[in-house]
Structures are given as structure tokens and as C-alpha cells.
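If you read the protein sequences in the order shown, they are chains A and B. The numbers in this note's numbering rise by one with no breaks, and the one at position 83 of the first sequence is 83. The numbers in this note's numbering rise by one with no breaks, and the one at position 372 of the second sequence is 372.
Rather than coming from a laboratory, the hints here were simulated on the basis of the structure. Among these hints, one or two may not hold up.
[Claimed, not checked] Chain A regions said to be covered by chain B (calculated; three or more residues, Cβ under 8 Å):
1. 21 to 27
2. 36 to 46
3. 173 to 180
4. 200 to 211
[To be verified] Partial pick of chain B residues on the chain A-facing surface, computed with a CB cut under 7 Å:
5. R289
6. L293
7. P446
8. L454
9. A456
10. R474
11. M545
12. S546
13. V552
14. A577
15. G584
16. P588
17. V610
[What the hints assert, rightly or not] To list a few chain B residues with every Cβ distance to chain A over 10 Å, as calculated:
18. A30
19. T395
20. G531
21. V636
From the three backbone atoms N, C-alpha and C, an ideal C-beta is built for every residue, glycine too.
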Amino acid sequence: MNGAALIATTVQVVVVVTGAPVLVGLMRQVQARLEGRAGAGIGQPWRDLRKLLRRAPASPTGTGWPFRLAPLLLVGTSSVLAAVTPLLSTASPLDHTADLFAVVGLLALGTVTLALAALDTGTAFGGMGASREVTILALVEPTILVAVLALSARVGSTNLSEIVSTTLHDPLRVASPASLLAAAALLIVVIAETGRLPVDNPATHLELTMIHEAMILEYAGRDLALVELAAAMRLSILLGLLTSLFVPWGIAGADLAMLPLALAAFVAKVAALGVALGAAEVFIAKLRLFRVPELLAGSFVLAVLAVATSFFFLA
Amino acid sequence: MPAGAGGDRGGVARADLPVTVIGWSLAAVAVLAGVGVLAALVTPRRARPVFVGAATAGIGVAGLVAGVAALSGQAFQARLPGLLPLVGVRLEVDPLGGWFVAVSGGVLAAAALYGIGYAGGGHGPSGRSTQAALPVFAAALVLAPAAAAVSTLLVLWELMALASLVLILAEHRTRPAVAEAGWWYAVLTHAGFVAILLGLVLYSADAGGDSFTDLRAAHPSPALRGVVFVLVLAGFGSKAGLVPLHVWLPRAHAEAPSPVSAILSAAMVNLGAYGVIRVGLDLLGGGSRWWWLLVLALGAVSALYGILQAAVAADLKRLLAYSTVENMGLVFLGLGAAGTFATSGAPALAALALAAALLHVLNHAGFKALLFTAAGGVLRATGTRDLDALGGLRTRMPATTVLFAVGALGAAALPPGNGFVSEWLLLQSLVHALPAGGAVVAVAMPVAVAVVALTAGLAVAAFVKALGVGFFARPRSGAAASARESPPPMLAAMGLLAAACVGLALAPTAVGPALSRAVGAATHHPATVIGGGVSLRLAGIAGTMSPLLIAVAVLVAIVVCALATRLASGRVARRRAVPLWDCGAGPPTSRMQYTATSFAEPLQRVFDDVLAPETDVDVTPHTESAYLVARMAYRVRVPDRVEHALYAPIGAAARRLGRLGPVLANGSVHRYLAYGFFGVTGLLLVLAVTR
Numbered sequence: 001m002n003g004a005a006l007i008a009t010t011v012q013v014v015v016v017v018t019g020a021p022v023l024v025g026l027m028r029q030v031q032a033r034l035e036g037r038a039g040a041g042i043g044q045p046w047r048d049l050r051k052l053l054r055r056a057p058a059s060p061t062g063t064g065w066p067f068r069l070a071p072l073l074l075v076g077t078s079s080v081l082a083a084v085t086p087l088l089s090t091a092s093p094l095d096h097t098a099d100l101f102a103v104v105g106l107l108a109l110g111t112v113t114l115a116l117a118a119l120d121t122g123t124a125f126g127g128m129g130a131s132r133e134v135t136i137l138a139l140v141e142p143t144i145l146v147a148v149l150a151l152s153a154r155v156g157s158t159n160l161s162e163i164v165s166t167t168l169h170d171p172l173r174v175a176s177p178a179s180l181l182a183a184a185a186l187l188i189v190v191i192a193e194t195g196r197l198p199v200d201n202p203a204t205h206l207e208l209t210m211i212h213e214a215m216i217l218e219y220a221g222r223d224l225a226l227v228e229l230a231a232a233m234r235l236s237i238l239l240g241l242l243t244s245l246f247v248p249w250g251i252a253g254a255d256l257a258m259l260p261l262a263l264a265a266f267v268a269k270v271a272a273l274g275v276a277l278g279a280a281e282v283f284i285a286k287l288r289l290f291r292v293p294e295l296l297a298g299s300f301v302l303a304v305l306a307v308a309t310s311f312f313f314l315a
Numbered sequence: 001m002p003a004g005a006g007g008d009r010g011g012v013a014r015a016d017l018p019v020t021v022i023g024w025s026l027a028a029v030a031v032l033a034g035v036g037v038l039a040a041l042v043t044p045r046r047a048r049p050v051f052v053g054a055a056t057a058g059i060g061v062a063g064l065v066a067g068v069a070a071l072s073g074q075a076f077q078a079r080l081p082g083l084l085p086l087v088g089v090r091l092e093v094d095p096l097g098g099w100f101v102a103v104s105g106g107v108l109a110a111a112a113l114y115g116i117g118y119a120g121g122g123h124g125p126s127g128r129s130t131q132a133a134l135p136v137f138a139a140a141l142v143l144a145p146a147a148a149a150v151s152t153l154l155v156l157w158e159l160m161a162l163a164s165l166v167l168i169l170a171e172h173r174t175r176p177a178v179a180e181a182g183w184w185y186a187v188l189t190h191a192g193f194v195a196i197l198l199g200l201v202l203y204s205a206d207a208g209g210d211s212f213t214d215l216r217a218a219h220p221s222p223a224l225r226g227v228v229f230v231l232v233l234a235g236f237g238s239k240a241g242l243v244p245l246h247v248w249l250p251r252a253h254a255e256a257p258s259p260v261s262a263i264l265s266a267a268m269v270n271l272g273a274y275g276v277i278r279v280g281l282d283l284l285g286g287g288s289r290w291w292w293l294l295v296l297a298l299g300a301v302s303a304l305y306g307i308l309q310a311a312v313a314a315d316l317k318r319l320l321a322y323s324t325v326e327n328m329g330l331v332f333l334g335l336g337a338a339g340t341f342a343t344s345g346a347p348a349l350a351a352l353a354l355a356a357a358l359l360h361v362l363n364h365a366g367f368k369a370l371l372f373t374a375a376g377g378v379l380r381a382t383g384t385r386d387l388d389a390l391g392g393l394r395t396r397m398p399a400t401t402v403l404f405a406v407g408a409l410g411a412a413a414l415p416p417g418n419g420f421v422s423e424w425l426l427l428q429s430l431v432h433a434l435p436a437g438g439a440v441v442a443v444a445m446p447v448a449v450a451v452v453a454l455t456a457g458l459a460v461a462a463f464v465k466a467l468g469v470g471f472f473a474r475p476r477s478g479a480a481a482s483a484r485e486s487p488p489p490m491l492a493a494m495g496l497l498a499a500a501c502v503g504l505a506l507a508p509t510a511v512g513p514a515l516s517r518a519v520g521a522a523t524h525h526p527a528t529v530i531g532g533g534v535s536l537r538l539a540g541i542a543g544t545m546s547p548l549l550i551a552v553a554v555l556v557a558i559v560v561c562a563l564a565t566r567l568a569s570g571r572v573a574r575r576r577a578v579p580l581w582d583c584g585a586g587p588p589t590s591r592m593q594y595t596a597t598s599f600a601e602p603l604q605r606v607f608d609d610v611l612a613p614e615t616d617v618d619v620t621p622h623t624e625s626a627y628l629v630a631r632m633a634y635r636v637r638v639p640d641r642v643e644h645a646l647y648a649p650i651g652a653a654a655r656r657l658g659r660l661g662p663v664l665a666n667g668s669v670h671r672y673l674a675y676g677f678f679g680v681t682g683l684l685l686v687l688a689v690t691r
């Protein structure tokens, strides 16, 4: 059983690493088509990564270990997240290592290392990106944890596999008001965490409006490839986590035979969510930075309502 | 002689020995305090910090030994009738007291070692009175949680307050802000002392004795219990720096010499939490639910307000001091949750929440002592605490930077830091409360979770700022550019603290048995709260987490990723040194960098209504034309709003009252005779009516 779980976890990590750039490519392609452009194809992010990986990384004057360590730490935390979240299977050998709180913490750790690297460059844009990123991080945190509370209250545990398994055994719970509200809250949070519209524009070329992109302006070559890969991985992990929490059907247990089916279901769900997000982004504009807290406050209210309703359904 | 008798005697000897371990350690504390004071008075100025530091470190080690002995299950009781007139001194070290004795001892040992290095080379206080106060303060700090009677506790408490006041005032000659901080501290700590005194005296008058055993056996009326608890909470809360009694803390902790700041912030404030646990849970036995909801609310407000101020602070030590307010808020939030669960009939959850609070006391002591000592190193090397003037210390002070980063990771409550473990425990206890009892809990606990989450998020912002702006990037002033690494004793002390932080972060289960004993002593229900080896397991809750495995997994992932990128990049592409690009505009000067103030500006704007910052723009036009600007000055200050709104009116009222003095006592003998006459007549009248 342990061997099978190990294989499932490895497949999970491999799928996330290889599939994440494809997901980004897919979203870009959907946007291109909706905007009437031909688009570069869904393989373009991988082609970019291959090109960047072959180029030498740069150490700008005055930067040091925080700048160099951040890309590795970012990919490292993302890989661990890919291993511990039940994307394909609920039987990860690392399951008891990290619960939902630890997952949130690891996500934040990745963000923080990148913000510190941006501050280490000592440029105005780096500081600006870091300042904005941690502001949003600070405001996102309450929503995430209160939504976690709403989800874990009905299960009696913050363990991810247990939440997913309980939903698998009792599918009607997904339709409960608490679950729907929590899903809406978490969706907004995921958009903010992954730097998508309307919080941040991943395709922007205007430095003054940047958040995530402003932090990575000084990276080049291999380092930039790692940062881009990690950003794509975080996007697919968070979308995968959303689907696992709210539409868990297809996720396998410790049974290896179920793995191909689980893989197909995972790819289909995440791709559908990605396409929907990509399509929605075509129709919305970026919010002003100081309107973002209002959006996040809205998502926080949704999360609090989710907790309140989950209490009344329990009582 | 039969073998059995020898075995018995051996058993007795083994049973006796531990008792004497605690006893001897406490005796060593007292003796070393005396030696330290003597050393401060007789040794020459140059050698003074070394002798006093050694004595203080000895006190710390003795305290650590006593605390660990108590936590490993040994008991100690002593009555010294001759030491204090009328009542005598009663000492008792149970696991709960032992927890705080050990924490204080550990912090003291490291801070004293640090102090030896800090004082060298004309830095730091080496005055006779200051140096003499240090061992006294240390001894009072270690002995206060060992007090087993109201009188003993109060004497030690006051000794601690006075000695710490002398230490805070150490640099009052060089900076006027120190004197002001001293005033605030003296007034608030004594107001707190009066509240504790009143509460405990009322309690022991009702109980008919002042030892804790008498108090535990007493059954006061619910009204009296409520009054005692509120008074004691106010008193201990002022020591712990709960909002709105926190105003002394950011001043005193920032203005005190850095080793003293570390002791104040990492050890002394803990005793506020100790007092509330001892009196509220142990002596009063839980009480009513509203007490604990009050504690919870105070803790939540303190945590939020403290970290919000820390997030916008530009003074490194002030930032750390406000972070202490936040962390004590979290501890009190845990205590409030524990009491609420205990009075709602959920003892397992209560034990878990209390364990989270106690573990957070320990973790906070570790990382805050480390952060204050590192900040002291920066202050010593650069002469400034202003983050806006720092930066670039990563190259000038590499070891201090890494050590500060370890502390900041703990303070930001990110995995794999030590703060994360206790906040995780706290969140687990809050999350599982939902099915446990009543509408009040169902409303309070989600709010508490949101507060902890927002606090954690803002703590990340505050410490990214402290580390990223203060230590990374390029120097923003000449002082920062010419900083030099701290001397070895300081680095050794910081290294010890960092090792403790890392140990607590990766192997929190190692303190599990001790923690369970301390919780058992407070709640009178001995039980295993935290277990497990590599992963942390909680009693009664399906929650596991393994900080060690998380750290190992991240490390393995990093190594694999580094190797994989090497392979994928094919031919060896060497890292190139290039000038900063900065979107083609570069190279930027160091004045173009983000400062701490600009970094915190978005947060300050988001929380505008809470913080009420004061901005001030001065435009000086040219003399020739009012439309040509010669100079512009933009100033922004974030004053402590509580101080303005609450203490300014109190201060004004006290001043008005003071002005009545000259009117009432104008020097006329006739008037004084009249006062006497009317006083006596009034008294007689009252007596005649009431008797």
C-alpha cells in the first residue's frame, strides 16, 4: 500500500511540474482566441522555459543569498505542496505531515522568500512589488483560514485527505450553503494568491501596476525559469486544491488501478477551471490596488457566512 | 545487611535528590544574586559587566535547572519563616511554575552572556547601580513563579518592577526618551501592582490565609471571585502589555539597553500570563465563562493592535516591542479559549488551548530574545534603530543577519519556524471548538480564528519589512555602510537562542511531556496533551503535523530541483555578475530603494481608520514667487492611538487635580485648623448616625 501511495505521490508531483506550464499555455490560448488573436499555442510556456533554462542566470550588483535562494525555495515549497495535497490520491505518505494550515503556511513561505529576494535587489520596483505582495498576503490570510474552519468543522479535522474522503462519501455536502460560500471565498483568495485578474495582471508590461512581475524583474536565465515554473505550479496546485475540496470525484485512494482515471479526472477538472478563469479574465479589468482590500473583505464576509451556516447545519 | 534494605535506602536517596536539585538551584539563585550585587559594587568599571554578567548567567542556568527538574515531575516546597516579618516566605515549584522558571532562566542565561559582549568597548551600561540591579532583577524573575504565598509573590513582583525600572533608565543621561519611557513604565507597572495587591488581599482576607494552599481551599462568593479576577487580570495584563495597558511596553522595551530589552520582552511579560493562569485557573479554579471571554477579547484586541502597529513601525526595536504585544495577545487569546472551553465542559480542548498558550510563551521567548539581541547588535554596530537608515547589513554583519532571519521566521509564524507550531496548536484548538458548546462559542471562535489569521498575515508583513529593509538591499546611511559584526560572546548567545528556536521548531514533541505536566498542574486534570515522535499528535483531536518532515521535504525538494536544473540547463552556464537592470533605468542609487515607511504604506492606507496616521506636508516657496517651490517636506507619523485617546484625558485630569493642591493648601494655618475641625466633626457625625 505504501509503495502504491508513493507512486501516486510521485505521479502527482510529475503531473504538476509538467502540466503547470501547459495549463498556463491553455489559459493564454483561450484568452488569445477570445480576443481574436491566433495565440502561440499551449506549448509556448514550455518552449519559453526551455529557452530560459539554457541561459546563464544573472547576479545583479548588490544581491546575495536571499536573491539566489528564492527561486529554489519557491520551486521546493511548490513541489512539497504538490506532494501533500490530495490531487490524484488521498493516500499520500506525507499525508500526516501537513494539514490545511501547513499548506497555507508553505504557500506563504514561498511568497515571502520571493518578496525578500525582491527587497534584496534594492530597486524601487522590487520594493514596490514586495510591499504590495505582502499587503495582499496579509489580507488574504484571514479568508483562507476562516474558509478552512468552515470546511473542517463538518469533518472534525483539518487533514486534507480526510476532508476530501468525507466529501467523497457524502457528496450532498458539496451542495450545502456552507460549502458553496466557502468555495466562493476560496476562489477569490486563489485568484489573489496566484496574481490573476482582477488583483494582478500577469500579462502587464506597465511596471507601476505590477505586483508579482515587479518582484521578478531582476531575474534572468535559469533563475527566471524556476520562478516562472513555480508560479505556474502554484496556480495549478491551488486550482487542483479547489477542485479536490469541492468536486473531489475521481480522486483515487491507495488503489493504483484507479490512478489513470484519477489523472484524467484531475486534468479535465483543472483544465475546465483554468479555461473558465482564462475566459473570465478577458471580460474584466484590473482593480486599482486600493480597491483590492474591498474585494478581499468581500471574500472574508463570504467565509464568515460559511462558518455561520456550517454551525447552524451542525446544530 | 539484607540487600532489600540497601535497595530501599538507595530508593530514598534517589527520591530525596531531586528535591534538593530544585532547592539547591533556588539557593544558588539567591546566593548568585548577592554575589552579583557585590561584584557590581566593588569591581572596577571595565571588569564589572563580565562579573555581573557571569553571576546573572549563573542565575539563569540555576533557574533553568530548577524549572527542568520541576517539569520532569519533581516537587519542591519550602517555608522560610524568618525571611519576611509576620508571614515568612513560602516557595513551591510545581510544573506550571517550573515552566515559567525554566523559560526565564533560559532567556536570562543567554541575555547575560550577550550582555558581557554588549558592554565591551564603551557600549552599553556599566554604571554601578544599573549593574547591581541586573542580578536582582534576574533573581526576582526566576523566583516569582516559585512563590507559594500572596506576600512572597507581591514582594518578588515589586522587586522585579523596581529592578527593571532601574535597568530601563540605564541610558537616561544620553536620551530624554528614556526618562519618558521610565515614567510610563513606573506608573503603569505600579497601577498594575496596586490592582494585583487589592485583588489578592481581598481574596486572602476571605480565605483566612495567604498561602496558595489556603486560597485553593477557600470558597469565596461568585461576586468576590469576579472582582478578584478582574483586578488581578488588570494587574497582570499591565505587565503582559495587553491593550489598553500596553503603552509603556513599546517605549520601555525600545529604550532599554538591548540585553535588558530581551529579558523584558522574552521573560518578564510572560509572568503576566503566569499570574492569570495561576490565579484564574489554578487558585480560583476556572470561575465563570465571562471572565475568559473577557480574556479572549483582550487578547484578540492586543494581538491585532500590536501587530498592526508593528507592521507600520519604522523603528526596529519598537517594531519588536509591538510584536511582543501581539504575541502576548495570542497567549491571552489561548488562555481565554482554554478558560471558555473549561467552563463549557470541554476539558480536552481546554487543555489543548492552554498547551498552545504555554508553548507560545516558550516559542515567543526563544525568537523574541533572539530578535532583540540581534537588533541590539545592529544598534551597537550602527548607532541607529531606524529601519529607514539601515540596509545592506547582509554583507557587513552576515552572522547577525542569518540569526535575525531565524528569529523572524519564528515571529512570522511560517513553517518551519517555531512560532508556527504554537499558532498551529492554537488554531487547532479553536477550529475544533465549533461542535463543542453553545452559541457564544460558535460566535467567538470563528472571530478568534480570523484574528489569529490576520495577525499571522500582518506578522509576515512586519518581519519581511524588518528583515528585507533592515538587513538586505544596500545601505541607506553611512552608519549602516560601515557596520561591523558583533563580538563573539554576543554571537554565541544569539547562536544558543537560534539553536533553541530551531530545536523547538523541528522537534516540538520533545517538550510534550513537560508541557502536559504544566497543563495538568494548572487545570488539575493530568493528561497527555501532545504526543508523537516525528509528527505532532494531539489528544482527542484528529490533527497531525510534522514540522521536521516538512523541513526535510522542502530541503530534499530544493536539492532535487537544483540538481535537475543543472542537468536540464545542459552545458554549464555560469552565473554572470551584471549591473542592476531596474527596467533599463539603472543603476539606481540607494536613496531610490523602498524604505520601511514606504514598504508599510499600503498597509497603513488599508488600515487608515484604525491607525489614524498623521501626515504633514510643508511647502516652502521661493521668495520671488509663491508658485515656485523651493523645498517640500513630507512627514508621516503613526502615533499610538490608544495613548492619545485614553491616557491624554487621564493625564489632563490628573494635572487638574494637581492644580487643586495650591488652592486647598495655601499655607494659611487657619484653613488647616478648619480642615481638622470639620474633619473630626464630620467623622463624629458619621459615627453617631451609623452606630
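Separation of G531 (chain B) from chain A, once the least beta-carbon distance is taken, above 10 Å: Its Cβ never comes within 10 Å of chain A, the nearest being 13 Å, so this holds.
Hint status (Cβ of A577 (chain B) to nearest Cβ of chain A, threshold 7 Å): This hint holds: A577 (chain B) lies near chain A, its Cβ roughly 5 Å from the closest one there, short of 7 Å.
Run the C-beta distances from T395 (chain B) to all of chain A and say if the shortest one exceeds 10 Å. violated (7 Å)
Using a Cβ cutoff of 8 Å, are there at least 3 residues of the segment 173 to 180 of chain A near chain B, or does the coverage claim fail? Violated - the segment 173 to 180 of chain A has 0 residues with a Cβ nearer than 8 Å to chain B, which falls short of three.
Would the stated hint for R474 (chain B) survive a check requiring a Cβ distance to chain A of less than 7 Å? Interface hint status for R474 (chain B): holds (4 Å vs cutoff 7 Å).
When the nearest CB of chain A is found for P588 (chain B), is that gap smaller than 7 Å? holds (5 Å)
Please verify the coverage claim for the segment 200 to 211 of chain A: does it have three or more residues whose C-beta sits within 8 Å of some C-beta in chain B? With 1 residues closer than 8 Å to chain B, the segment 200 to 211 of chain A misses the three-residue bar; violated.
Quick check: the segment 36 to 46 of chain A, covered by chain B? Criterion 3+ residues, Cβ under 8 Å. violated (count 0)
Does the interface hint hold: is V610 (chain B) within less than 7 Å of chain A, judged Cβ to Cβ? violated (13 Å)
Holds or violated: is the Cβ of A456 (chain B) closer than 7 Å to a Cβ in chain A? holds (6 Å)
Please check whether S546 (chain B) passes as an interface residue: C-beta within 7 Å of a C-beta belonging to chain A. holds (5 Å)
Using 7 Å as the Cβ threshold, decide whether R289 (chain B) counts as touching chain A. Status violated, d = 18 Å.
Hint check: violations occur at hints 1, 2, 3, 4, 5, 6, 13, 15, 17 and 19; the rest are consistent with the structure.
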